[in-house]
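Student: Numbering (the numbering used here), first residue to last: 163 to 254.
Treat the hints as calculated values from the structure; they're not laboratory data.
Straight line, CA to CA, 30 Å or less: simulated DSSO-like cross-link-like pairs of lysine-lysine:
1) 177 to 238
2) 194 to 251
3) 184 to 194
Computed spacing ranges between beta-carbons, pair by pair:
4) 237 to 191: 27 to 33 Å
5) 222 to 169: 15 to 21 Å
6) 168 to 222: 19 to 25 Å
7) 251 to 227: 17 to 23 Å
No residue lacks a Cβ here, since even glycine has one placed at the ideal position from N, Cα and C.
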Amino acid sequence: MAFNWLNEFQHEVEKPDNYAEKTLAAYRLGMKAKGSVVGVRIEIDQDGCAACQEIDVTAVYHPDDAPILPLPDCTKGKRCGCVYRPVMKYER
163 MAFNWLNEFQ HEVEKPDNYA EKTLAAYRLG MKAKGSVVGV RIEIDQDGCA ACQEIDVTAV
223 YHPDDAPILP LPDCTKGKRC GCVYRPVMKY ER
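With the hints as constraints, model all of the structure from the sequences given.
Tutor: Structure representation (structure tokens):
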């Protein structure tokens, strides 16, 4: 895949304090505009803590209902490798 480096980067980069707020706001805006985004899912850190391993990776959330990343019990804190991903209309 041409964007593997970007995917790896997003999983490895330290998250800013407002990561969840800004990311979910962007997806919320895409949904409000009746675009192709129909929700969000969480792509977990494969080497992550027990808290992230319990996340249902098949769940689709409205941005208002998505768990806040990093999770409160995450042992990696801002280095958590879990990320939000948009769920697109064509995926449903």
